[in-house]
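Q: As a plain string of letters, each chain reads:
Number of protein chains: 4
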Amino acid sequence: MALMNGDEYKESIKKVKSILYVQGKQVHDYWDHPAISPTIETVAAAYDLSFSEHREYTTAISHLTDEPISRFINIAQSAEDLLKRQQQIKLASFCTGECIYQCTGTDALNATASSTYDVDQATGTNYHDRFNTWLTYIHQNDLSVSGSITDVKGDRSKRPNKQSNPDLYTRIVERKKNGIVIRGAKAHQSGTIGCHEHLVVPTTAMRQGEEDYAVVCAVPSDEKGVIHVHQFNAGDAMRLAGQGMDHGNVRFGAYSTQMIIFDHVFVPWERVFLCGEIEHSNNLCERFGRIHRCVSSACTSGWIDNFIGIAQALADYNGLGKVKHIRDKITEMNFMGARSYACGVAAANMGYKSASGVYLPNRLFSNVAKLDGALSISECRRMAIDVAGGLVATAPGERDFANPEIGGYLKEFFQGVDDVPTEDRVRMFKLAHHFFTSGGLVEAKICGSGTSQTQLMNIYWLANLEVKKKAARVLCGIEDQSEYDSVVTEYGNKMNSNPERGDDS
Amino acid sequence: MALMNGDEYKESIKKVKSILYVQGKQVHDYWDHPAISPTIETVAAAYDLSFSEHREYTTAISHLTDEPISRFINIAQSAEDLLKRQQQIKLASFCTGECIYQCTGTDALNATASSTYDVDQATGTNYHDRFNTWLTYIHQNDLSVSGSITDVKGDRSKRPNKQSNPDLYTRIVERKKNGIVIRGAKAHQSGTIGCHEHLVVPTTAMRQGEEDYAVVCAVPSDEKGVIHVHQFNAGDAMRLAGQGMDHGNVRFGAYSTQMIIFDHVFVPWERVFLCGEIEHSNNLCERFGRIHRCVSSACTSGWIDNFIGIAQALADYNGLGKVKHIRDKITEMNFMGARSYACGVAAANMGYKSASGVYLPNRLFSNVAKLDGALSISECRRMAIDVAGGLVATAPGERDFANPEIGGYLKEFFQGVDDVPTEDRVRMFKLAHHFFTSGGLVEAKICGSGTSQTQLMNIYWLANLEVKKKAARVLCGIEDQSEYDSVVTEYGNKMNSNPERGDDS
Amino acid sequence: MALMNGDEYKESIKKVKSILYVQGKQVHDYWDHPAISPTIETVAAAYDLSFSEHREYTTAISHLTDEPISRFINIAQSAEDLLKRQQQIKLASFCTGECIYQCTGTDALNATASSTYDVDQATGTNYHDRFNTWLTYIHQNDLSVSGSITDVKGDRSKRPNKQSNPDLYTRIVERKKNGIVIRGAKAHQSGTIGCHEHLVVPTTAMRQGEEDYAVVCAVPSDEKGVIHVHQFNAGDAMRLAGQGMDHGNVRFGAYSTQMIIFDHVFVPWERVFLCGEIEHSNNLCERFGRIHRCVSSACTSGWIDNFIGIAQALADYNGLGKVKHIRDKITEMNFMGARSYACGVAAANMGYKSASGVYLPNRLFSNVAKLDGALSISECRRMAIDVAGGLVATAPGERDFANPEIGGYLKEFFQGVDDVPTEDRVRMFKLAHHFFTSGGLVEAKICGSGTSQTQLMNIYWLANLEVKKKAARVLCGIEDQSEYDSVVTEYGNKMNSNPERGDDS
Amino acid sequence: MALMNGDEYKESIKKVKSILYVQGKQVHDYWDHPAISPTIETVAAAYDLSFSEHREYTTAISHLTDEPISRFINIAQSAEDLLKRQQQIKLASFCTGECIYQCTGTDALNATASSTYDVDQATGTNYHDRFNTWLTYIHQNDLSVSGSITDVKGDRSKRPNKQSNPDLYTRIVERKKNGIVIRGAKAHQSGTIGCHEHLVVPTTAMRQGEEDYAVVCAVPSDEKGVIHVHQFNAGDAMRLAGQGMDHGNVRFGAYSTQMIIFDHVFVPWERVFLCGEIEHSNNLCERFGRIHRCVSSACTSGWIDNFIGIAQALADYNGLGKVKHIRDKITEMNFMGARSYACGVAAANMGYKSASGVYLPNRLFSNVAKLDGALSISECRRMAIDVAGGLVATAPGERDFANPEIGGYLKEFFQGVDDVPTEDRVRMFKLAHHFFTSGGLVEAKICGSGTSQTQLMNIYWLANLEVKKKAARVLCGIEDQSEYDSVVTEYGNKMNSNPERGDDS
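Line order of the protein sequences matches chains A, B, C and D.
Here the working numbering is used: the first residue of the first sequence is 1, the next is one more, and so on.
Here the working numbering is used: the first residue of the second sequence is 1, the next is one more, and so on.
Here the working numbering is used: the first residue of the third sequence is 1, the next is one more, and so on.
Here the working numbering is used: the first residue of the fourth sequence is 1, the next is one more, and so on.
Simulated from the structure, these hints should not be mistaken for laboratory data.
Positions of the beta carbon are idealized from the N, C-alpha and C atoms, including for glycine.
The reader is advised that the hints may include incorrect statements.
To be verified - So, partial list: chain B residues that the calculated Cβ filter (under 10 Å) puts toward chain D:
1. K324
2. H325
3. D328
Said to hold, decoys possible - DSS-like, lysine-lysine: derived pairs with alpha carbons at most 25 Å apart:
4. A:K322 / D:K494
5. C:K224 / D:K411
6. C:K322 / D:K162
Please build the complete structure, drawing on both the sequences and the hints.
A: Here's what the structure looks like:
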């Protein structure tokens with residue numbers, strides 16, 4: 001089958017009979033629900049990009065079918081693939097001003113492709129073939145896949161198998177002849193209701209005795225036992241309580257997440273890709289994390305570009321577009337957005353082609369890219385608000401303007417520069433309110449793919465302290481100059497070596 | 001009349017027949033409207049503080065009536081007065097987790113008290129007596145006053161009298177025998193609907209030819225021609241679209257602002273306190289700004305304490321309360337909150353008693369305090385989200401838990417540590433969502449009392465560059481050592497001199 | 001005896017026969033040695049301030065003799081005393097561009113005054129009288145005192161009494177009938193060679209079994225067994241290898257520290273002020289730290305003012321004095337300098353008069369002031385270099401200009417704006433080199449009075465997490481509204497309570 | 001001729017009879033002068049790298065001679081070339097702990113190769129052949145070349161031709177039949193005395209009427225009229241006034257710069273590569289800047305690795321190597337070093353092959369890389385000092401330890417953990433003193449290749465504000481959804497377009 005466009009995707013999703021609750025009520029035609037339809041619209045927009053001028057970035061040729069596919073379901077074969085993916089994500093995130101909702105899927109697909117190969121090589125299993133069979137089906141139908149990773153986790157000071165409720169991390173509760181039964185829940189899955197399939201992967205590294213938690217499998221969104229709960233936030237509230245311009249991002253809406261509950265879901269063996277192989281599921285987790293963090297800076301930089309656009313537009317509307325201190329803040333935001341993106345580019349470029357043929361990004365730079373993006377987007381939010389001014393939080397709305405008694409006053413008094421209609425200026429403030437306050441995007445960047453400590457731990461592990469200390473000893477004369485050459489060798493090796501570690505390369 | 005408590009205040013506000021629109025509809029019993037009642041509740045809580053154990057901070061003795069009054073309407077007579085006011089604001093802001101909605105009033109009252117004295121001394125007018133007469137009425141009835149300052153401003157690159165609409169800055173449109181008629185609009189007035197009276201002051205310094213804009217006067221909230229428009233934001237939306245725990249700050253609600261339109265409002269002379277005296281209205285503006293910025297760090301530090309409380313509580317509930325990196329972030333937040341507050345304390349302490357008897361804070365430190373607070377609270381927001389985790393943006397809500405089909409799943413899967421009920425944990429996340437996302441408080445701190453550039457300009461003006469350069473010339477031998485003594489004298493003088501400038505003192 | 005001026009001080013120091021080594025050679029007339037004479041000159045300049053116009057700040061009336069004394073040896077009796085001390089330090093540090101070298105003395109004196117009172121009250125000893133007797137001698141002779149605190153410490157992971165060498169923390173090695181014998185070494189004592197007396201205090205809190213380390217006593221600088229080793233740094237090297245303008249701060253020189261070795265020094269009982277009373281020596285340490293950190297922001301802000309003066313002067317000389325981005329950096333530096341100082345002012349203002357009569361600063365704000373100052377001065381260094389440009393590191397020097405073959409070229413080519421002589425411009429760059437590179441001042445601020453972790457630990461201990469969490473629980477409805485009043489009470493109490501803790505006040 | 005090794009280089013430099021003054025005295029055998037010999041040693045070490053295991057990075061194949069050459073004189077033909085150059089620089093900078101002194105040469109060579117091609121194409125000149133002829137000579141002899149760029153500039157508010165002295169920017173003072181005569185001076189040329197040849201390029205963009213300043217030419221270091229003045233700094237002073245361990249970086253010494261004076265230097269036409277072609281010399285300047293900034297993050301990250309090595313070593317010696325707050329700071333430094341380097345990698349990777357065949361880096365990312373590196377290394381300096389402690393500024397030295405009277409005390413009292421000799425610990429502190437205080441490296445990073453404003457201006461110019469604003473207008477509904485597709489097209493184009501601009505790519 002050929003690539004789907006947005007409309008075809010929308011038709012396809014109506015055939016998925018997922019169970020979804022919004023604000024405590026089951027919603028059947030969820031694609032029409034005001035809190036959910038923008039999510040579907042966003043995914044559709046991403047599908048439409050397969051037909052844009054820039055399909056070089058947004059599509060790829062399947063290594064399984066040799067047909068064009070959405071890059072969201074592509075397995076990266078080269079640095080170029082990974083770089084184009086970043087451009088895809090930056091483009092799509094910027095143009096919609098929203099999470100694209102399929103990245104966790106791409107990340108999980110690539111990590112699984114790599115780890116199923118490894119486990120088969122090491123243990124003689126045939127997971128990789130199974131996975132490729134399923135993936136061929138995905139490729140042939142251009143389906144969207146969500147990576148179901150973040151378990152609810154319970155008491156974070158306890159291991160998965162020491163929780164008072166063993167299902168707080170998704171696990172195998174029964175092994176049957178024809179498959180397995182899983183139970184658990186994945187929280188805040190970005191736009192997962194818009195995906196056809198969920199690829200379930202473990203949320204963290206497991207240890208001996210926790211084999212039941214080392215499970216990777218594919219589950220159709222409307223499989224029996226799968227329940228979605230929309231995680232209703234302030235952006236949704238504004239979608240319901242406001243109208244028109246109040247929605248801010250009028251077409252693509254608020255950042256949308258759902259919880260997925262897997263309550264005794266049966267998964268046949270042909271959809272099971274790891275089942276207790278701890279070492280390999282741990283590698284898969286690390287790879288998922290690094291791929292996700294690599295690409296994470298692409299949407300971050302796209303959104304920072306949105307922040308810049310809004311801030312500069314509002315400065316123009318306020319009559320201050322060319323003032324030096326505004327320009328300085330715009331410059332600073334551009335610096336930070338470009339920096340995060342550059343780190344992601346470096347992570348893609350300094351990666352390596354693994355034995356499985358999957359091209360994986362550099363681990364150090366991926367972690368650096370994510371951390372920098374999270375710090376930067378927070379600071380850019382502050383600067384954008386500082387540029388735009390207080391109406392970011394306090395602009396009147398659609399119904400106020402519509403009211404005949406006060407609408408005239410509002411049109412009169414919220415006028416900025418003469419040649420911009422008041423309503424345009426207020427619309428732009430509503431978009432700012434959406435991005436900076438209610439939308440949840442900045443929160444998603446701070447917490448998504450692990451809060452800062454996760455990345456910091458990775459960065460510490462990759463710090464190669466021994467050669468750094470040795471060089472210091474040689475430079476100050478503690479060690480003899482004859483050791484100088486070995487410093488050259490060791491440090492140079494690190495720049496080029498074991499790409500799996502990716503340390504300092 | 002004695003001090004009012006919260007209930008008496010609520011009764012009193014019901015007698016104020018203000019005109020208010022919410023989402024395009026006029027609301028009559030606004031104290032009962034779900035988007036407005038939390039504002040009234042917050043002001044009432046502040047009134048109740050007059051009867052708390054800490055009334056030393058929250059009340060004062062009127063210098064006009066010698067009776068106890070709320071400190072919100074007190075004219076500061078000493079550094080101690082100003083320090084106690086900061087403690088009042090920190091206490092009230094922390095305990096309600098909300099803006100207290102009366103600070104602009106206190107600031108405008110003190111600035112007006114000072115400038116009406118000066119203008120009378122300089123020009124023989126009798127504004128100060130008029131003002132004291134009105135203020136005596138306020139004191140006798142323990143009324144709440146809002147400082148109506150922020151004009152809508154139109155094109156910021158043009159002077160008030162060069163706007164295509166001359167009313168974008170509030171101005172005198174007619175001078176009558178018995179008073180004046182004003183027209184204009186004040187945007188994002190924090191909780192102004194909860195105040196009995198509006199003290200109108202200019203939004204910025206005026207120049208010759210702009211005398212009509214140099215107007216200071218008092219207007220009852222329900223005066224003819226006064227129209228309030230509630231500025232509906234995401235926090236309000238959640239108040240309407242959610243219920244119960246969804247509201248986050250269940251009692252005191254979202255940050256609330258209204259626009260006030262003055263459409264040909266008549267003000268009798270006895271309520272007019274400046275009327276075209278540019279020099280004095282400019283001084284009044286600067287004094288308003290510095291008083292507001294001085295006290296601004298008090299609520300900032302109170303809210304940062306709220307952030308800390310929420311972050312630490314959630315870390316505890318997640319089982320991570322004693323982990324080192326959490327502790328580090330808590331420490332960092334405490335550092336920043338204390339630093340901002342300390343700057344405000346220094347501003348109060350290093351101020352001076354002006355000729356009028358009004359004690360004014362140090363200008364440099366006031367600007368430093370506000371700027372630091374705005375930077376700090378933004379950064380603390382990021383750290384608090386980083387500590388708390390993704391449910392800040394994505395927790396399910398009241399109706400989800402109430403649903404019999406999914407409520408059980410939610411109770412099961414959002415459990416944190418064993419001894420904390422799931423609902424408590426989720427409630428705390430909802431409070432986090434309120435503070436960090438929908439509430440608007442951080443935005444208020446970034447933009448309130450001027451965005452960063454306003455404070456930076458003040459800080460530059462007060463930098464005393466000449467003596468700093470001179471010292472450098474003497475130290476490196478460009479100037480003779482005989483000039484050393486004059487450096488000592490000049491720099492020492494700056495530490496002690498003209499407190500109106502407040503430079504480097 | 002009356003106050004000494006600078007010349008009288010210089011005469012007095014020549015009578016002190018201290019043993020001093022510089023670069024491995026004993027130096028007898030050390031006041032004339034090029035690496036030491038600027039230190040003596042700096043202390044002398046501070047003595048001269050007792051006769052300046054601003055002696056209000058630099059002198060005080062002794063509470064023991066009722067005579068005027070240098071404020072360096074004053075025991076603070078009030079907040080005003082502490083505030084004036086900060087102004088003294090800011091003034092002296094700015095005017096000399098150098099450490100004043102007597103602050104550790106003042107801090108140790110105040111901490112000892114307070115703790116000797118407490119120990120006598122608690123245990124019936126008579127240390128306080130002894131101390132006052134010795135202090136009266138200091139006051140009568142206007143002597144300078146250094147606080148000898150920082151032990152060399154050895155392996156920081158081990159307690160003092162677990163080190164392989166027990167003398168790595170100064171300790172009592174023998175108790176005699178008429179006194180004690182101490183051994184140990186204090187590292188990097190700022191300008192201690194310029195002081196008449198050393199007041200030895202413990203470097204950290206001690207535990208049971210470490211009584212020998214809990215010793216406080218006064219030792220004349222030239223006592224038998226006391227050896228000073230000058231800690232030669234790059235600033236000293238430039239003092240020796242360069243000449244004239246190369247010295248940067250031509251009169252007051254580089255930041256100067258000495259190590260003091262106490263090798264079996266006998267101290268008679270009348271000079272022993274604590275001798276094994278662990279609890280009280282621990283209090284003394286904490287008080288020393290807080291007093292030192294409180295005043296630390298005063299010299300920091302003075303030096304940041306020097307940085308500003310140099311940066312602005314060089315920008316002027318480069319023809320860029322009014323350029324916006326220069327102005328922004330100057331403003332930012334002024335913001336940071338004022339912020340640190342404001343925190344110190346708040347620490348002084350929000351302190352308390354202890355039972356001993358000694359006025360002690362607020363502990364939280366003191367730690368905040370030091371930490372902020374260390375962060376700020378580092379960042380200001382970067383900005384000042386950025387403003388000034390590369391000649392900060394690379395300007396030619398005195399002998400280059402003096403050379404007839406190349407002097408003309410240098411005069412020609414290092415010309416900046418026309419009306420400033422080339423030599424003046426280069427002199428200013430040499431001063432910049434001194435301050436930003438070789439002088440050691442920034443390093444002193446980062447590490448002095450404890451590196452950042454010391455202050456952060458204090459800030460964490462003072463964070464009052466319980467009431468902050470409780471308020472969060474009440475706000476989100478976990479706890480009943482009836483608990484609201486107790487939140488008001490508890491938080492308000494913290495603002496006002498136990499000043500010894502100084503938490504959040 | 002083959003590649004030279006370090007010893008061969010040293011022999012070759014002895015044949016260069018450059019005129020050099022150090023501290024006002026002419027120095028003939030400058031390679032033996034204590035302030036200069038470390039510079040020669042550093043360049044020699046870089047030559048030795050041509051024979052190391054990592055010669056893949058440090059050498060290249062000349063596109064002119066097809067022989068191996070040092071990568072310092074290579075013209076980059078591909079992204080891979082540029083990436084390897086960054087690895088070369090990171091390796092060499094880290095291993096020597098010093099500036100490698102040849103980067104400006106590489107940058108100038110590449111910019112000139114590119115611009116001479118362009119000018120010939122545009123105007124029919126034959127500069128490119130001339131340049132290649134000279135470059136072939138360089139390649140054949142493996143010579144080192146310095147890029148002479150930074151003019152002394154005089155009054156920065158005036159254009160080059162409006163200075164009161166027209167020679168403050170290097171210019172053609174006479175055009176002769178067989179060549180040109182130039183006059184001017186280039187300040188703070190890193191290690192230029194170690195280079196055989198100087199490639200003179202303009203310091204900034206020129207305008208019509210300033211053709212005499214648009215001159216590019218090659219001058220042997222010992223040409224008549226060329227005078228070098230060593231710019232003596234604190235690191236040099238320590239080299240002279242200290243000995244042994246005092247030198248810190250005992251072999252490679254302090255950061256070394258010289259001023260070059262060109263006093264009526266005759267340059268024959270075959271060494272003149274631009275001569276008044278303003279447009280092309282301006283392009284050359286921009287390309288020089290971007291190449292230099294691209295690679296600038298490589299040495300920055302190498303030195304940050306040195307900082308990390310020193311800080312961790314000292315923490316180990318202090319007994320604190322595994323303490324959490326130390327580890328946090330090490331992690332933070334590693335984050336910053338990796339981030340800067342990643343930006344440089346991205347700049348190399350996202351560059352383009354110009355018409356001339358020279359591969360040029362991405363302009364936006366190059367500017368981001370330099371700016372981030374300058375900010376990061378300053379902050380890392382602060383953190384490293386904070387980790388290491390006060391002895392960074394105050395450790396005793398070689399002669400102190402050698403003295404029999406006090407050497408024993410020092411060995412005793414500066415002991416850290418038991419198994420590390422005291423002298424080793426002190427040596428490491430001396431290295432820290434070198435890096436953090438006296439060495440000048442951080443200053444070089446802040447100011448080198450332009451202070452921050454230069455990069456910020458570039459970043460602003462490349463910000464593509466129009467498409468960013470347009471997207472905002474479409475998202476909030478000001479512009480019709482039909483405009484959505486053009487946003488996709490335009491933003492996507494920017495990611496891929498005109499690499500000369502390099503905006504947002």
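Q: Any hints from earlier that this structure breaks? Give me their numbers in increasing order, please.
A: none
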